[in-house]
Amino acid sequence: MAKSKQDRYEQIKRFEADLTKCMKCGFCTFWCPVYQEERIEPSVARGKNMMIRGLLAGELDYTKEYADRLNKCTLCMTCTANCPSKANIPNVIVAARADMVKARGLKFPYNIIYRWLLPRRTLFGRVIRFASWFQGIFLPKTEGTIRHLSMFLSALGKGRNIPQIAPRFLRQMVPVVNKPPGGVKATMTVGYFTGCMTDFVLPDLGKHVIDFLTRNGVEVIVPGEQGCCGAPVFLGAGDFDTGRKMADSNVKAFEGLDYVISDCATCTSALKDYPKFLADTPEREEAYAKFAGKILDISQFLVDVLKLPASAYKPSAQVKGKKITWHDPCHLSRHLGITSQPRQIIKSIPDIEYVEMPNADRCCGMAGSFSMYYYDLSKQIADKKVEAIKSTGADIVASSCPGCEIQLIDSLLRNKVPVKVMHIMELLE
Amino acid sequence: MLEKKIITQLRNVVGKDAVLTSREDLNAYSYDGTTTWTHAPDVVVLPTTAEQVSQILKLADESKIPVTPRGAGTNVSGGSIPIKGGIVLCTTRMNKILDINKTNLTATVEPGVVLQDFNIALAKQGLFYPPDPQSFLGCTIGGTVAENAGGPYCVKYGVTKQYVLGLEVVLANGYIMNLGGVTVKNRTGYELIMLFTGSEGTLGLITKITLRLIPMPPANKTMMAVFDDMAVGGQAVSNIMASGVVPAKIEFVDNFVLRRIEEMTPMGLPVDAKALLLLQADGSPAAVEAESKQIVDILKKSGAKEIKVAKDASEAAMYWKMRSAGFAATFGAAHTVMAEDVAVPRDKLVEFIRKLDEISERTGFFICYLGHAGDGNLHPSIFTDIRNKEEFARAQKAMEEIFEAALSLGGVLSGEHGIGLEKQRFLKKAMDPVALNLMRKIKTILDPNHILNPGKIWEEERV
Ligand SMILES: Cc1cc2nc3c(=O)[nH]c(=O)nc-3n(C[C@H](O)[C@H](O)[C@H](O)COP(=O)(O)OP(=O)(O)OC[C@H]3O[C@@H](n4cnc5c(N)ncnc54)[C@H](O)[C@@H]3O)c2cc1C
Numbered sequence: 001m002a003k004s005k006q007d008r009y010e011q012i013k014r015f016e017a018d019l020t021k022c023m024k025c026g027f028c029t030f031w032c033p034v035y036q037e038e039r040i041e042p043s044v045a046r047g048k049n050m051m052i053r054g055l056l057a058g059e060l061d062y063t064k065e066y067a068d069r070l071n072k073c074t075l076c077m078t079c080t081a082n083c084p085s086k087a088n089i090p091n092v093i094v095a096a097r098a099d100m101v102k103a104r105g106l107k108f109p110y111n112i113i114y115r116w117l118l119p120r121r122t123l124f125g126r127v128i129r130f131a132s133w134f135q136g137i138f139l140p141k142t143e144g145t146i147r148h149l150s151m152f153l154s155a156l157g158k159g160r161n162i163p164q165i166a167p168r169f170l171r172q173m174v175p176v177v178n179k180p181p182g183g184v185k186a187t188m189t190v191g192y193f194t195g196c197m198t199d200f201v202l203p204d205l206g207k208h209v210i211d212f213l214t215r216n217g218v219e220v221i222v223p224g225e226q227g228c229c230g231a232p233v234f235l236g237a238g239d240f241d242t243g244r245k246m247a248d249s250n251v252k253a254f255e256g257l258d259y260v261i262s263d264c265a266t267c268t269s270a271l272k273d274y275p276k277f278l279a280d281t282p283e284r285e286e287a288y289a290k291f292a293g294k295i296l297d298i299s300q301f302l303v304d305v306l307k308l309p310a311s312a313y314k315p316s317a318q319v320k321g322k323k324i325t326w327h328d329p330c331h332l333s334r335h336l337g338i339t340s341q342p343r344q345i346i347k348s349i350p351d352i353e354y355v356e357m358p359n360a361d362r363c364c365g366m367a368g369s370f371s372m373y374y375y376d377l378s379k380q381i382a383d384k385k386v387e388a389i390k391s392t393g394a395d396i397v398a399s400s401c402p403g404c405e406i407q408l409i410d411s412l413l414r415n416k417v418p419v420k421v422m423h424i425m426e427l428l429e
Numbered sequence: 430m431l432e433k434k435i436i437t438q439l440r441n442v443v444g445k446d447a448v449l450t451s452r453e454d455l456n457a458y459s460y461d462g463t464t465t466w467t468h469a470p471d472v473v474v475l476p477t478t479a480e481q482v483s484q485i486l487k488l489a490d491e492s493k494i495p496v497t498p499r500g501a502g503t504n505v506s507g508g509s510i511p512i513k514g515g516i517v518l519c520t521t522r523m524n525k526i527l528d529i530n531k532t533n534l535t536a537t538v539e540p541g542v543v544l545q546d547f548n549i550a551l552a553k554q555g556l557f558y559p560p561d562p563q564s565f566l567g568c569t570i571g572g573t574v575a576e577n578a579g580g581p582y583c584v585k586y587g588v589t590k591q592y593v594l595g596l597e598v599v600l601a602n603g604y605i606m607n608l609g610g611v612t613v614k615n616r617t618g619y620e621l622i623m624l625f626t627g628s629e630g631t632l633g634l635i636t637k638i639t640l641r642l643i644p645m646p647p648a649n650k651t652m653m654a655v656f657d658d659m660a661v662g663g664q665a666v667s668n669i670m671a672s673g674v675v676p677a678k679i680e681f682v683d684n685f686v687l688r689r690i691e692e693m694t695p696m697g698l699p700v701d702a703k704a705l706l707l708l709q710a711d712g713s714p715a716a717v718e719a720e721s722k723q724i725v726d727i728l729k730k731s732g733a734k735e736i737k738v739a740k741d742a743s744e745a746a747m748y749w750k751m752r753s754a755g756f757a758a759t760f761g762a763a764h765t766v767m768a769e770d771v772a773v774p775r776d777k778l779v780e781f782i783r784k785l786d787e788i789s790e791r792t793g794f795f796i797c798y799l800g801h802a803g804d805g806n807l808h809p810s811i812f813t814d815i816r817n818k819e820e821f822a823r824a825q826k827a828m829e830e831i832f833e834a835a836l837s838l839g840g841v842l843s844g845e846h847g848i849g850l851e852k853q854r855f856l857k858k859a860m861d862p863v864a865l866n867l868m869r870k871i872k873t874i875l876d877p878n879h880i881l882n883p884g885k886i887w888e889e890e891r892v
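As given, the protein sequences belong to chains A and B, one line each in that order.
First residue of the first sequence? That's 1 in the numbering used here, and the numbers climb one at a time after it.
First residue of the second sequence? That's 430 in the numbering used here, and the numbers climb one at a time after it.
Worth flagging that the hints you see were computed from the coordinates, not collected in a lab.
Think of the CB as a built atom: it goes at the ideal place given N, C-alpha and C, for glycine as much as any other residue.
One thing to keep in mind: the hints can contain errors.
Stated by the list, open to error - What the simulated footprint calls covered on chain A by chain B, stretch by stretch (three residues with Cβ under 8 Å from a Cβ of chain B suffice, anywhere in the stretch; the number is not a length):
1. 40-47
2. 164-177
Stated by the list, open to error - To be clear about the criterion: a stretch of chain A counts as covered by chain B if any three or more of its residues have a C-beta under 8 Å from a C-beta of chain B, and this derived list gives those stretches:
3. 13-24
4. 78-86
Use the sequences and the hints to build the structure in full.
Written out as structure tokens, the structure is:
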């Protein structure tokens, strides 16, 4: 009996220290973007943590309501960052999702998508391509490059403005080995983890990242075997088994490289989370820890490793003379502590004006699958971000997480705020 | 369990999404800031208007269903725990700031406005509302009025009751009653506002509050003083107060809490200090300059080992952030933390500290404390484990001795946290029996069916 209970809450038990650290002071209510909209106790870290304690005590069980309250968290970590006891409740929430999935399985269509589709990169690409044909046929183009996705992808998008699937994926556009152009000496070799969004939706961004790096003497390797980082699978849905498969193949894909860079904050953070959540054997522990040690966000790489001089950051044609503000992705700022590097880069760009927005590190409400389950709530959270962006008078809001960018594009369009959303690398020539 | 009919009626009043009934959600309203008390309600209702509150109370009164008012559930006396089940009436969605008036120096708010949100709104207009319970990031203004909360600023500026000018209260029978107004002076009849301020949700539901404000003091300075004896630190506080200068805040942190805070968030605190005083002077720049000089002088003469004057706002903010982590530092230290809230007259502070030492030695329980030294309001805490019956009983005994020590010095049972569930065992000792009886009678007049927060303040017996 005791043994089976132990197994049942295997993952939660690993984070018991976080679970018990909560003193119930309720400070997290002030910071939690979900609580700030719903203003009910089950929304906030204190309430979720007490719910999980209730589960362990045998007072609660895996019900629909339990799953709902557990899923309704963006994992933005603002609670933890401001917690006087430093209780990392998001850890406990991810672990609890994992235990629940282990006991109860995943629901359709997420089981198909997470277990079967996301781990198969080429197939995933084909399905997305297939869906994008219909996207063009059934729905007119809306503003800019934004279209309403139809078919099964719209089940994920719930009618939001989401970017068009690219006509050619990044993997089809670039070779595995990208050498610096003639006359530029290679000083370093890095692996490039492209992430699903850059690969399928924003291949031009990926191409630009590679060009920028090679021009600055970095040889860029884009292994074909790399796949999805697994964030929606193991962090969002709590499917650790599939997460491990994805982690294993990513670790393998980048073997032998000292640095692996990513232009997606969520991917970067998820890759670094492998040892924390997915290491179930000493071998994986070692392999994941080693892998996590190689992962760098692009801005961190440019500033801390490559140490580019300010003169390396020249404005791209479309940003000259513009006012630019910066949105801190949760996965970059609170998860990885990277806040100064992107600002340093932007402030180095000549011919632009940098302006800081209020609460730049407040969650935008995207949080991957969170925004699919709770689109309305996600929109409410985003509207606060839109207000903050608006208050700066900026022409461009830059970030470095394609997830955030989709959310910002959708929210700015919905609120009819003519501010352009760009990836930090797109600001650079 | 409540009848289905009641739930349907409640839904009709406030709407479907403002009535929570799942076990998961009820669990989330079963606790507050205390470590030991829990009890789930049968239903949680989140009204947005006084009219809705009125209808809910009418319904509850007719069916004699217990109603426990709740703000943010940050109190540390068991006050918002629905110990008899029934309805939790939660005000967190009544969170509009209705008016801020710079000329009258008043503000009118709904009860669910979070204190920090209020402070931010006031700061934008150069205004200041002094009562600052250290739970300001969570607690609601309704909760602070119902608890008559205080905080560090109260040395100079007083507690919540000194700021409440007007209240709208929904009575148990559903009547929406108005008290007071927006004038600072008001001599119309009994001070009924004071009856509801500090009533811990047992007399009525506060649905609107008018507060007195003051202009934001233009300057302030934070000082930190290190002592190698608690009592010497206590004497320093008395010396300062007797010298004619009233600092805005005087807070006390002991060695144990200090170490815990430094462990949780390293910030280079003097972890060898036996006691730490944190002080702040505020006012016009010239006054702050003069007062802080005088304070530093007295601290030196009173035997402070080390004195630091914060160079800038960020250093000051660091010290005060440290102070607000004190609660987490204490409550995280053991399975069961009995954190008390006694207050003694300021001139008895040293004597009280000596008595605490003596009790600690005699009972073998380590007693840690931090608190509002300038008010003589310490929070002595005993660490124990409620699961260990024998030890817990001894801990309770030791706590009783602390109460007695405070009372014998002319002190009170609770400085700011209220009686709730936590301290009712001691109420009889701490109050004149005639006054206690009068309180009961008042309760019965206002709430004849005893539906409002039943089981709180005193062990219930009808008069
Ligand atoms: C970390 C921490 C530090 C603290 N520091 C201090 C401090 O320095 N000083 C201090 O005084 N307290 C302090 N407290 C205690 C607590 O924050 C206060 O008691 C606060 O006033 C409670 O506000 P709340 O909104 O959380 O109310 P709740 O806890 O929800 O309720 C408190 C009581 O008020 C009643 N109530 C709530 N709203 C209403 C209403 N609208 N009408 C009628 N009754 C109502 C409830 O029934 C209950 O009895 C601290 C608590 C914590 C956790």
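Hint check results:
no., hint, result
1, 40-47, "holds (count 4)"
2, 164-177, "violated (count 0)"
3, 13-24, "holds (count 3)"
4, 78-86, "holds (count 5)"
Of the numbered hints given earlier, the model fails hint 2 alone.
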